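Engineer: Chain by chain, the residues:
4 protein chains.
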Amino acid sequence: MRFFSDNAAAAHPRVIEAIVASNAVDAAYDGDAWSERLDGAFSELFETEVRTFWVTTGTAANCLALAALCPPYRGIICHKDAHIEVDEAGAPGFFTGGAKLMLLDGPGAKVTPEAVAAECDRIRKDVHQVQPAAVSITNATEYGLVYRAAEVAALGRLAKERGLALHMDGARFANALATTGERPADVTWRAGVEAMSFGFVKNGGLNAEALVLFRTELADEIAVRRKRAGHLLSKGRMLAAQILALLEDGLWLDNARAANAAARVLGEAGGNRLIYPVEANEVFLKVGPEEAASLIAQGYDFYDWGPGEIRLVTSWDQKAEDVERLAAALVAL
Amino acid sequence: MRFFSDNAAAAHPRVIEAIVASNAVDAAYDGDAWSERLDGAFSELFETEVRTFWVTTGTAANCLALAALCPPYRGIICHKDAHIEVDEAGAPGFFTGGAKLMLLDGPGAKVTPEAVAAECDRIRKDVHQVQPAAVSITNATEYGLVYRAAEVAALGRLAKERGLALHMDGARFANALATTGERPADVTWRAGVEAMSFGFVKNGGLNAEALVLFRTELADEIAVRRKRAGHLLSKGRMLAAQILALLEDGLWLDNARAANAAARVLGEAGGNRLIYPVEANEVFLKVGPEEAASLIAQGYDFYDWGPGEIRLVTSWDQKAEDVERLAAALVAL
Amino acid sequence: MRFFSDNAAAAHPRVIEAIVASNAVDAAYDGDAWSERLDGAFSELFETEVRTFWVTTGTAANCLALAALCPPYRGIICHKDAHIEVDEAGAPGFFTGGAKLMLLDGPGAKVTPEAVAAECDRIRKDVHQVQPAAVSITNATEYGLVYRAAEVAALGRLAKERGLALHMDGARFANALATTGERPADVTWRAGVEAMSFGFVKNGGLNAEALVLFRTELADEIAVRRKRAGHLLSKGRMLAAQILALLEDGLWLDNARAANAAARVLGEAGGNRLIYPVEANEVFLKVGPEEAASLIAQGYDFYDWGPGEIRLVTSWDQKAEDVERLAAALVAL
Amino acid sequence: MRFFSDNAAAAHPRVIEAIVASNAVDAAYDGDAWSERLDGAFSELFETEVRTFWVTTGTAANCLALAALCPPYRGIICHKDAHIEVDEAGAPGFFTGGAKLMLLDGPGAKVTPEAVAAECDRIRKDVHQVQPAAVSITNATEYGLVYRAAEVAALGRLAKERGLALHMDGARFANALATTGERPADVTWRAGVEAMSFGFVKNGGLNAEALVLFRTELADEIAVRRKRAGHLLSKGRMLAAQILALLEDGLWLDNARAANAAARVLGEAGGNRLIYPVEANEVFLKVGPEEAASLIAQGYDFYDWGPGEIRLVTSWDQKAEDVERLAAALVAL
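So the protein lines, in turn, are chains A, B, C and D. Residue 180 in this note's numbering sits at position 180 of the first sequence; the count goes up by one each step and never skips. Residue 261 in this note's numbering sits at position 261 of the second sequence; the count goes up by one each step and never skips. Residue 185 in this note's numbering sits at position 185 of the third sequence; the count goes up by one each step and never skips. Residue 54 in this note's numbering sits at position 54 of the fourth sequence; the count goes up by one each step and never skips.
Worth double-checking, as some hints may not be accurate.
Identical copies look the same in the list; a pair holds intra-copy or inter-copy alike.
Here are the simulated DSS-like pairs of lysine-lysine, each with C-alpha atoms no more than 27 Å apart in a straight line [to be verified]: (1) K286 to K125; (2) K125 to K319; (3) K125 to K160; (4) K319 to K160; (5) K319 to K286; (6) K286 to K80; (7) K286 to K160; (8) K125 to K80.
Hints in this document: simulated from the structure, not taken from any laboratory. Bear in mind that the values here come from a model prediction, so they are computed numbers and not experimental data.
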């Protein structure tokens with residue numbers, strides 16, 4: 001039973017239907033009706049005019065945005081456990097042309113205004129040291145913690161004061177909002193976020209992510225950078241169609257709620273083994289090597305997360321019985 | 001009726017089926033059964049051990065390969081009308097880190113050994129001038145001309161003599177082979193090609209292209225570069241599955257034959273309007289502005305290709321009646 | 001006798017004196033009194049507020065400026081014989097992060113508004129083709145031709161219309177002005193030039209060139225880029241001191257006048273062998289292989305410039321007797 | 001009195017003489033007799049065949065070497081206080097095309113085999129995480145500590161085991177050797193170092209550093225990269241001449257001994273204020289803000305090195321009386 005990643009889940013049937021339905025259409029690149037509806041759909045969702053670009057990976061969505069927000073000779077402040085630092089093979093360095101990631105510490109991969117300010121203060125204001133240009137946060141974080149709108153707004157105010165852009169890696173943005181119930185606008189542009197990746201692949205999509213630009217004047221640059229990076233697919237309609245399918249009738253939120261609910265069940269079963277509170281769809285537990293081996297023997301597939309720790313990730317399509325059985329197994333350890 | 005690009009055609013039903021069939025599988029990135037079968041399938045096709053990487057665009061397939069074949073401080077010799085020069089938004093410069101495209105002239109976008117040798121000879125052998133590291137050819141070319149194995153082999157020999165790698169942009173490789181009937185091995189690695197992009201999107205695929213490495217020792221580098229460029233999709237099985245569907249029972253060649261046959265019909269109708277012989281699925285014709293307007297008025301959609309010239313491209317799914325009607329319209333001009 | 005390059009001449013004695021005089025000073029990087037006087041000296045020369053950066057090569061001066069004027073995903077229009085294209089080892093690609101040089105043809109390496117406009121018009125305005133961001137001209141050109149202020153102004157107007165920045169490679173700017181007698185301001189910022197390299201090394205300097213910014217808001221970026229490229233010398237005073245020595249009492253113009261005068265003598269001797277009019281300190285002549293061999297045998301050192309052509313370059317320190325003797329030898333051919 | 005940096009000291013008179021003596025020579029770039037002698041001089045010094053390249057900054061020397069040792073998609077392990085990380089404005093990212101610096105902790109900016117091994121072990125061996133390609137150490141370190149040959153050899157062995165190149169930033173290599181009395185060969189290539197920057201600017205040079213390649217097969221690449229980065233000066237003879245002047249009769253070691261001796265005097269005066277042992281020409285002391293103010297008031301110029309700490313750096317030309325007076329002032333605090 002898959003608990004190792006929401007990355008590996010199936011696409012939702014409505015997504016598959018949308019791909020099939022968009023197939024037989026004479027249009028190339030993003031010249032199709034689905035792609036043309038994207039800006040409108042996201043503008044409505046975010047209650048402001050945005051520009052949106054489909055891409056096929058979160059890495060592309062994050063790094064195209066960062067390249068537009070940070071010149072090659074400056075830096076991006078992020079958590080040392082951020083996906084862009086740890087799991088994107090140096091993509092920020094490639095897309096930006098050599099900008100530096102400036103790493104913060106802190107529990108749960110959460111970025112705080114205090115840590116950002118301290119990092120800025122630590123840097124001499126001269127040409128010898130790389131100066132930051134942006135802050136990037138992940139919501140929900142790599143440890144499944146969620147930023148509330150007020151937290152992002154505090155970061156946004158600080159970023160503005162310091163002349164920094166604010167970027168959000170929203171690979172699990174749906175999971176975050178499903179928990180807080182906050183409005184998308186409040187936790188993003190109203191809080192100072194200028195660009196974000198809006199994840200669908202971990203949430204019922206097949207291969208589509210959205211790069212959402214609140215600083216719409218960067219749209220032309222992003223469009224060129226997307227093409228130049230080989231991310232302008234010739235039948236992009238299949239990406240737009242699946243995003244629209246997930247936005248329709250709030251399917252994206254329904255999927256995220258399902259995944260989060262499963263995680264909560266596991267979190268409760270985990271009890272005081274929990275390393276972080278369960279705020280999205282990830283559960284980090286203190287589980288010894290023998291205990292882990294026992295779970296594996298029972299057919300559960302998950303990540304070893306360093307000595308004595310495991311990571312469980314739930315997906316939109318997680319079967320209730322699998323979740324309950326795993327919960328029982330955790331209790332029984 | 002669409003004659004503007006094979007890029008815009010539908011995916012073949014068997015491709016769609018393969019995508020659907022690969023959906024509900026617990027595997028991430030290229031850890032699935034379909035992806036794992038790719039190397040074998042292409043090794044069989046090419047009668048030698050190759051390494052294969054799915055990506056979603058020809059630009060990615062071309063430029064990842066070029067980045068492995070050419071360091072940032074050298075150059076890639078190609079035709080001035082090559083897709084990598086004209087239509088990839090500078091992607092070679094991005095992926096290689098600033099390598100230079102060195103442009104050849106010549107009819108039909110075809111690269112000749114004489115032109116390559118002349119370009120090499122023109123360059124002083126010192127540190128002030130950029131030295132070439134690779135030659136890139138497109139087969140079929142951007143004007144629908146086809147390289148025979150002997151032609152590629154002549155380029156391969158020259159490349160070897162001059163210490164240059166040889167790359168093939170095979171966006172329409174299927175169309176080329178459908179015409180010549182040559183073996184894939186003969187027109188590629190046996191002729192000196194070290195890496196190629198093998199196109200599927202223009203030939204019944206939805207969004208999958210293959211980067212085929214004959215110099216297999218570059219595989220680890222390519223794998224990292226693919227991830228770093230945001231081209232390692234988390235549900236890559238959908239890409240592998242569609243490629244395998246097209247390779248099965250020679251569907252890729254059937255599709256290309258269908259497209260080529262349609263082009264031949266148009267080419268014959270074009271008569272002495274033809275600018276280049278029709279060797280693949282592209283037809284370039286001398287058609288005056290008023291004549292072009294008349295075709296457009298009749299519902300035909302195609303590219304204006306400079307003053308007094310048009311480009312027609314046929315696809316695997318081109319309806320015979322549309323082709324015949326257009327042929328008649330061309331004759332009637 | 002050296003006629004192969006002004007690059008190889010000695011530094012002027014006043015330059016050497018200035019270097020020696022600036023040696024024993026406790027200051028690092030550009031924190032010294034000489035460096036601090038640069039902006040003022042050039043602002044006075046150009047009759048407007050400019051920002052100036054010493055570097056040690058024309059390549060650095062050109063490419064740092066181009067990197068600030070052109071993002072990685074756009075292009076720089078220049079002549080196909082421009083130094084940045086032909087003789088800087090791909091440095092523009094390195095400094096800009098992969099921007100493309102877009103090459104114009106035309107006699108004498110001169111860029112015309114017509115050629116720039118044609119190049120712009122040739123490019124489709126879409127994301128598939130690289131869009132230009134800047135025009136770069138060389139004054140005096142690589143063939144020793146000089147732009148008058150009105151010519152630059154025509155280019156500047158066109159550049160503005162098309163949204164392009166205008167850059168001048170002024171490796172032989174002194175030679176150009178020594179010929180025209182025009183004001184530095186008229187042929188640069190008043191004509192639309194935004195940044196230039198101002199050459200000293202070919203004109204009596206030892207190793208200092210100046211990057212002059214008329215768009216002063218780019219100064220902070222250039223300062224960082226200079227450091228990041230390893231071009232912020234720790235004892236930069238020796239560069240500033242030699243530039244100031246050359247600016248003092250118009251030594252730079254005197255040196256250029258001396259070199260130009262020598263070239264004129266050779267040009268007159270060349271008679272109808274002349275390929276281009278002699279407008280600066282370079283003389284291109286039709287000289288057959290046997291004739292060239294005879295000159296070499298007489299001790300003259302110069303460049304073979306392709307079949308049947310030679311290039312003579314005169315320097316500030318060219319001895320009158322050497323020039324006269326070579327002139328006689330040319331007449332005697 | 002200057003104690004803030006050896007960067008700011010005067011060039012040695014013999015260096016100035018050498019520059020003057022090399023001025024009036026007809027040779028461009030590195031085609032002069034001085035440049036041609038460099039390889040031989042360093043090969044003799046290092047008791048093996050090396051290839052040497054003059055450049056004008058340590059940043060250029062370090063980063064050109066690192067670019068040849070580490071591809072854009074991998075990383076360089078170094079100390080978090082290394083000059084390449086802290087004080088080169090992100091130059092490694094620029095020169096390598098986006099490689100990552102992987103930072104180690106540890107006292108005195110010293111890199112240990114244990115720390116390198118732990119960093120390597122921490123990295124998952126997959127395409128998602130950046131893999132290291134090189135280790136860079138600074139000798140003497142940024143805190144004035146010196147690696148003995150045996151220490152470097154231990155790092156060299158580990159590097160070899162792990163498939164990593166070993167680079168040495170030798171900005172103060174002279175100071176290190178002046179202390180240990182070890183042979184240059186023993187602490188470099190015999191210990192596994194493949195490339196190094198050999199500093200002269202901080203040690204009596206004016207503006208010349210040497211990039212010394214022990215892996216001589218990289219020489220052609222370095223030569224091109226130097227040109228491409230704008231670091232091939234047209235009158236490079238002035239750089240080669242000053243390096244040769246410093247190598248002659250061991251002037252470089254004499255200069256370093258003088259600087260080190262001055263540092264030892266200050267270190268002894270510092271007593272238990274010393275933060276690190278004085279092994280080269282840097283002295284780090286615990287000095288409170290009021291004490292520091294008192295030293296400043298007495299005319300001493302030095303760096304504030306964070307709260308309650310100061311850095312004193314001595315130079316080859318430090319006057320004995322200044323040193324003694326400062327030593328007395330330290331004792332008197």
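Engineer: Decide, hint by hint, whether the structure agrees.
Structural biologist: Here's how the hints hold up against the structure:
no.: 1; hint: K286 to K125; result: between (43 Å within a copy, 24 Å between copies)
no.: 2; hint: K125 to K319; result: neither (54 Å within a copy, 32 Å between copies)
no.: 3; hint: K125 to K160; result: within (17 Å within a copy, 34 Å between copies)
no.: 4; hint: K319 to K160; result: neither (44 Å within a copy, 49 Å between copies)
no.: 5; hint: K319 to K286; result: within (24 Å within a copy, 62 Å between copies)
no.: 6; hint: K286 to K80; result: within (21 Å within a copy, 31 Å between copies)
no.: 7; hint: K286 to K160; result: neither (39 Å within a copy, 37 Å between copies)
no.: 8; hint: K125 to K80; result: both (23 Å within a copy, 18 Å between copies)
Checked against the numbered hints above, the structure breaks hints 2, 4, 7 and satisfies the rest.
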